[in-house]
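Participant: Residues per chain, in single letters:
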Amino acid sequence: MRSAAAVAGIGATEFSKESGRSELRLAAEAVLAALDDAGLAPADVDGLVTYTQDANQEIAVARETGIGELTFFSRVHYGGGAACGTVMHAAMAVATGAARTVVCYRAFNERSGRRFGQPDARLGGEPSSQGLEMSWHVPFGLMTPAAWVAMFARRYMHVYGATSEDFGRVAVAMRRHAATNPAAWFHGRPITLEDHQRSRWIVEPLRLLDCCQESDGAVALVVTSAERARDLRRTPALITAAAQGSGSGQMMMTSYYRDDMTGLPEMGVVGRRLWETSGLSPRDIQTAILYDHFTPFVLTQLEELGFCPRGEAKEYVRDGGIELGGRLPVNPHGGQLGEAYIHGMNGIAEAVRQVRGTSVNQVPGVHNVLVTAGTGVPTSGLILSAA
Amino acid sequence: MTGQDMTGQDMTGRDLHELAGKQAALGEVRGAPGPDPVNETMIRHWLEAMGDANPAYLERGVAPPAMSQVWTMPGLARARQATPVDDVLAALDAGGYTGVVATDCDQTYHRYARVGERLTPGTRFTSLAGPKKTALGEGYFVTWTVVWYAEDDSPVAEMMFRVLKFRPRERRQPYPLKPAAGRDTEFFWEGVRRRELRIQRCLDCGQLRHPPGPLCPSCRSANRGHTVATGEGTVYSYVVHHHPPVPGRETPYVVAVVELPEGVRIVGNIVNCRIDEVRIGMPVRVTYQAMDDELVLPMWAPREARC
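Heads up: the protein sequence lines correspond to chains A and B, in order.
For what it's worth, the numbering used here labels the leading residue of the first sequence as 1, then goes sequentially.
For what it's worth, the numbering used here labels the leading residue of the second sequence as 388, then goes sequentially.
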C-alpha cells in the first residue's frame, strides 16, 4: 500500500460555535469543497468513509452531493481515534481496486448540537460490551473525556514528575500557532503560560486551557491513486504509511487496568507500524500533527512515537520545542486546542497543506508529516509525504 | 389557639398532644340527624352488596347492625359535619403525617335500628398516641368513638375507631448514573448490595480479574466464581471533578483508581476525606453508599482517620 494512494483534495466549512446549518449540510459543503479542490466532480466518487459518532450516513451525503453509485463505504469505529483510519480505509480501497476515488468526511455541530464534553447519563445504560465497560466508571461520575484523561495525567505526573505547567506549554504552543491562522477559532488570541495556570479547574489535574474547544464544522478529504493524483489540480500528498492500533487490555478512554497508566500503548502500535512500513524514523519528520483534545496526551504521544524517551516529553516541549521554529513544530494550524475540534480531520487537512507547502504557518522544507488520531481510544496514524 | 398553630406547620409533638387534650375535653359532640330515616331500599341495596341473603331484616323491618354508619354518612353532595376529630387530623396532615390507615374498629350493638327511625351521631375524640415508629413510617394513633342515637336519645350502636396517621417514607430520588449489569457482571453488583466487594476468580487456575468478563484472562476458562476482597486498597491515581455539572453529583468530588492487595484495580469515589488530602499511595478501605432505593456503590475512605 506504500505510496499507492494520495490525498488529492481537501475541503472544509468555516469553524464556529454555531454553524446555523444542519450537520448533513456541513458534510455536503465540505465534500463538495474537497472535490472542487481536487478538480473532480461528484460523479467521479465511488467510495465514502466516515467514522462513528457522525450523524450523517454515507448514503445521505451521497444523495446530497450528487455522488451516484458507491462501490465502497466504510465507517471506522472508536470516534476521534478513527480520523486517520478513514484515510487508511480509503487508501486500501484504492490500492485494492475496490474504489477509484474515495471521500473521507467528518461533520458535526459539536458545540451547538450534541457536545461530547458534556456528561451523558446513558453512557453506562446498556449491557453492550461498551455499556458494561462504562458501567465501571459512569456511576462514580467519571464520565467526561476530560475526567477520563485526567486520571492518566495524574499518574503520569506522579511517575515522571511532569507538572501542570508542562501541560500548559502544549496549550501555549497551540494557541500561538492558531493566532496566525485565520481559519482558527482562536485566531489572534494567543495565551501565556500564566493564562494557562490561572484558568479554572475542569477536572484536576486538567485546567480549562488543557481542554480543546468544542466546534461546529466539517472537513473532507479526497483519496485516489497516487498515479491519478499526479494528473489532478493539486500537488498530491502521498500516503506513505497508514495504520490503526489497539493495545492489549484496551478500553474506551478508561484503560486503567493495564500494567502501566503512563503510556498510550495503542499509539505505540500505530507508531511501530508507521515506522516499519515507511522505513522512516522520527528524524525524517519535519512537522507532526498530534491529536490534542487534551494537552497531557500530546506529551505521551511524543514518547510513544519515539520523538523522545519515556518521561522526557516535558523537557522536549520546553523552550518552544513543539512551536514553529522549534525542534518539531506540532500542529502548525493550532490543533484542536486552537483551530477547531473536528475530531482530528482538520489536522489531516493541515498535514496536506504542509506537504503542498501552502499552509499559513508553513514549516520550511517539509517532506514527511506524521499525523495521529484520537488518544485514549483505539487510534490510527498517517505519514503523508511530498511526491 | 392561633391560626398559625391550627395549620400545624410549626406543631411539635407537644402541641399536637395539647390540641388532642382540648378536643377530648369537648366531650361528645352531636352531629345532625341522618338525611334519611332507616329505610327498606337502602337495606336491600346493602344486603345485596354484602351478599347477605338473610330475609329476616326486611321481613321484620330492621336494619343490619353493621349498617349503623350508613345512616349518617355525609354523602357526596353535602358538607361534612364538623367533629372533634377533624382538627386533630388536619394538624397531623399539616405536620406531614399525611398517610392514613385504619387500624381498629370495634362496634357494639345495643339493638336493631327500625325502619322509619332517624339516627343522630355523637362523636367523641378519645386519644392521641405517638409519635411511634411503625413499619409505614413515624406516626400517631388517633382514636375516637361514635354513638348512634335514636330520636328518644337511646343509643342504638356505637363504634370505637382508630387510625394511624403516618409520615410516608420519602422515596429517594432515583440516582441517574446507573450501571448496566449483564450475565458476566451481575455478581459484582449483587455483592455490593450485600456489602461485599466481589472479584471474579477463575475456578480452574485461580486468576483474579477486574473488571469481570466471561472468560479467565489467563487460561480462558469460563468456569468462574468470585472471591470477596479484604476491602483494603491504595490510591493508584485520582481526579477531582469540578466541571461540567454531573447529574446526581455535587461538585467537586474525587474519583480514584484504587489498587487492591489482591492484585486488581477498581474505580470508585474517595469519601470521608478532604479533597486536598487525597494522595497517590494513600491507604483506603471500602465503604458502601446507598445512592437510592436500589443502587449501592462501593466507595473508598482513608484507612487512617484524617478529617
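Wrong hints could be hidden among the right ones.
To be verified - Derived SDA-like pairs: lysine to any residue, alpha-carbon spacing no greater than 25 angstroms straight-line:
id, chain 1, residue 1, chain 2, residue 2
1, B, K565, B, M546
2, B, K565, A, R114
3, A, K17, A, D195
4, A, K17, A, R198
5, B, K519, B, D680
6, B, K565, A, E126
7, B, K520, B, A477
8, B, K565, A, R115
9, B, K565, A, G117
10, B, K565, B, R549
11, A, K17, B, A477
12, B, K409, B, R585
13, B, K565, A, Q53
14, B, K520, B, D473
15, B, K565, A, F116
16, B, K565, A, E69
17, B, K565, A, D195
18, B, K565, A, Q118
19, A, K17, B, W576
20, B, K565, B, D679
21, B, K409, B, K565
22, B, K565, A, A98
23, B, K519, B, A489
24, B, K409, B, M546
25, A, K17, A, A33
26, B, K565, A, R198
27, B, K520, B, P631
28, B, K520, B, K565
29, B, K519, B, K565
30, B, K565, A, Q250
31, A, K17, B, H630
32, B, K565, A, A33
33, B, K519, B, T490
34, B, K565, A, Y257
35, B, K565, A, R122
36, B, K565, A, L123
Hints in this document: simulated from the structure, not taken from any laboratory.
Keep in mind the model is a prediction, meaning the values are calculated, not measured.
Participant: Each of the hints needs a verdict: does it hold here or not?
Facilitator: Results for each hint:
For a cut-off of 25 angstroms, the pair hint linking B:K565 to B:M546 is broken: about 51 angstroms separates their Cα positions. Taking the CA atoms of B:K565 and A:R114, the gap is near 21 angstroms; set against the 25 angstroms cutoff, the hint holds. Between A:K17 and A:D195, the direct Cα distance comes to roughly 22 angstroms. Compliance with the 25 angstroms bound is thereby established for this hinted pair. Distance hint between A:K17 and A:R198 is fulfilled; the C-alpha atoms sit about 24 angstroms from each other, no more than 25 angstroms.
Proposed proximity of B:K519 and B:D680 is supported: the alpha carbons are some 23 angstroms apart, at most 25 angstroms. Among the hinted pairs, B:K565 with A:E126 is consistent with the structure: their alpha-carbon atoms are about 10 angstroms apart, no more than 25 angstroms. Pair hint B:K520 plus B:A477 holds up; C-alpha atoms about 20 angstroms apart against a cutoff of 25 angstroms. In summary, the hint linking B:K565 to A:R115 is supported, as the alpha carbons are separated by about 21 angstroms, within the 25 angstroms threshold.
Between B:K565 and A:G117, the direct Cα distance comes to roughly 19 angstroms. Compliance with the 25 angstroms bound is thereby established for this hinted pair. Taken as a hint, the B:K565 and B:R549 pair is broken in the structure, with Cα atoms around 43 angstroms apart against an allowance of 25 angstroms. The suggested pairing of A:K17 with B:A477 is violated, with an alpha-carbon distance near 56 angstroms, which exceeds 25 angstroms. Between the alpha carbons of B:K409 and B:R585 the distance comes to roughly 59 angstroms, so the proposed pair goes past 25 angstroms and is violated.
Distance check on the hinted pair: B:K565 and A:Q53 sit about 22 angstroms apart at the alpha-carbon level, within 25 angstroms; holds. A hinted pair counts as satisfied when its Cα atoms are at most 25 angstroms apart, and B:K520 with B:D473 qualifies at roughly 23 angstroms. The straight-line distance between the Cα atoms of B:K565 and A:F116 is roughly 19 angstroms, inside the 25 angstroms bound, and the hint therefore holds. A distance of roughly 44 angstroms separates the Cα atoms of B:K565 and A:E69; the hinted pair therefore is violated under the 25 angstroms criterion.
Between B:K565 and A:D195 the CA atoms are separated by roughly 38 angstroms; this puts the pair beyond 25 angstroms, and the hint is violated. In summary, the hint linking B:K565 to A:Q118 is supported, as the alpha carbons are separated by about 17 angstroms, within the 25 angstroms threshold. With a C-alpha separation of about 41 angstroms, the suggested pairing of A:K17 with B:W576 is violated against the 25 angstroms cut-off. As the CA atoms of B:K565 and B:D679 are separated by approximately 10 angstroms, the hinted pair is consistent with the 25 angstroms bound.
Restraint check: the Cα-Cα separation between B:K409 and B:K565 comes to about 52 angstroms, which exceeds 25 angstroms; the hinted pair is violated. Restraint check for B:K565 and A:A98: not satisfied, since their Cα atoms lie roughly 44 angstroms apart, outside the 25 angstroms limit. The suggested pairing of B:K519 with B:A489 holds, with an alpha-carbon distance near 15 angstroms, which does not exceed 25 angstroms. The suggested pairing of B:K409 with B:M546 holds, with an alpha-carbon distance near 21 angstroms, which does not exceed 25 angstroms.
Restraint check: the Cα-Cα separation between A:K17 and A:A33 comes to about 20 angstroms, which is no more than 25 angstroms; the hinted pair holds. About 35 angstroms separates the Cα atoms of B:K565 and A:R198, which puts this hinted pair outside 25 angstroms; it is violated. Of the pairs offered as hints, the one joining B:K520 and B:P631 is violated, with about 42 angstroms between alpha carbons and a cut-off of 25 angstroms exceeded. Proposed proximity of B:K520 and B:K565 is contradicted: the alpha carbons are some 32 angstroms apart, above 25 angstroms.
In summary, the hint linking B:K519 to B:K565 is not supported, as the alpha carbons are separated by about 35 angstroms, beyond the 25 angstroms threshold. Between B:K565 and A:Q250, the direct Cα distance comes to roughly 23 angstroms. Compliance with the 25 angstroms bound is thereby established for this hinted pair. Between A:K17 and B:H630 the CA atoms are separated by roughly 19 angstroms; this keeps the pair inside 25 angstroms, and the hint holds. The straight-line distance between the Cα atoms of B:K565 and A:A33 is roughly 44 angstroms, outside the 25 angstroms bound, and the hint therefore fails.
For the given pair, B:K519 sits about 14 angstroms from B:T490 by alpha-carbon distance, which is consistent with the 25 angstroms threshold. Note on B:K565 and A:Y257: the hinted pairing holds, with a Cα-Cα distance of about 21 angstroms set against a maximum of 25 angstroms. Proximity of B:K565 to A:R122 is assessed by CA-CA distance (about 8 angstroms); at most 25 angstroms being required, the pair is judged to hold. In summary, the hint linking B:K565 to A:L123 is supported, as the alpha carbons are separated by about 9 angstroms, within the 25 angstroms threshold.
Going down the numbered hints, you'll see the structure goes against 1, 10, 11, 12, 16, 17, 19, 21, 22, 26, 27, 28, 29, 32, while the others check out.
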